[in-house]
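Build out the structure end to end from the sequences listed, making use of the hints.
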Amino acid sequence: TIVETEAYYGKGDPASRAARGMSKLNWLMWEKGGLAFIYMVHGNWLLNVTARKKGLPGAVLIRALEPREGIELMRKNRNVPTQLLTSGPGRLTSAMSITSALNGADVTDNGSEIKILGPGMKVPSVGSSHRIGVKNDLKRRLRFFVEGNPHVSR
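No gaps in the numbering here: position 2 of the sequence shown is 261 in our numbering, and each next residue is one more.
Derived by calculation from the structure, the hints in this document are not laboratory data. Treat the hints loosely; a few may be bogus.
What the hints assert, rightly or not - Below, simulated DSSO-like cross-link-like pairs (lysine-lysine); rule was C-alpha separation at most 27 Å, straight line: (1) 312 / 398; (2) 398 / 270; (3) 291 / 313; (4) 270 / 335; (5) 313 / 398.
As the list claims (entries may be wrong) - Here are the in silico distance ranges between beta carbons for each label pair: (6) 391 / 341: 34 to 42 Å; (7) 391 / 368: 26 to 34 Å; (8) 375 / 298: 15 to 23 Å; (9) 298 / 388: 34 to 42 Å; (10) 274 / 332: 31 to 39 Å; (11) 371 / 273: 15 to 23 Å; (12) 280 / 327: 24 to 32 Å; (13) 280 / 300: 15 to 23 Å.
Each residue gets a CB set at the ideal place from its N, CA and C atoms; glycine is no exception.
Given below as structure tokens:
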């Protein structure tokens, strides 16, 4: 279950990969919503999902999830307590063996190697804050998380 995300826009968002326009590394941000956009930062793969209609850049960084299945397999990739398996964007991709090989995969397609299923649980309370590690953040709070969930990164 996804428990923490951050939203990123285009040109008006200095922290966005799309802030300086389209490139061979960020072109997926201009594609349809629902595609995995995976890139490396500080030696860690980061999983984003495109989140706007084709032609408008935007993506959501998946920062943390609460593992429900495959925990033992994840633990083979990251031998840490369950709470630390996926509590952070680099930890999440490491535990789930997500790499750039999945870049561009449609996460809404049931046949995809990586997919996000529709709503299946009631979220008790969603909190928001400024994005983590963003020096010149926008005034809007663009980080969202399940309040009180132990798998949230911070």
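task: If any of the earlier hints don't hold here, list their numbers in rising order.
output: 4, 6, 9, 11, 12
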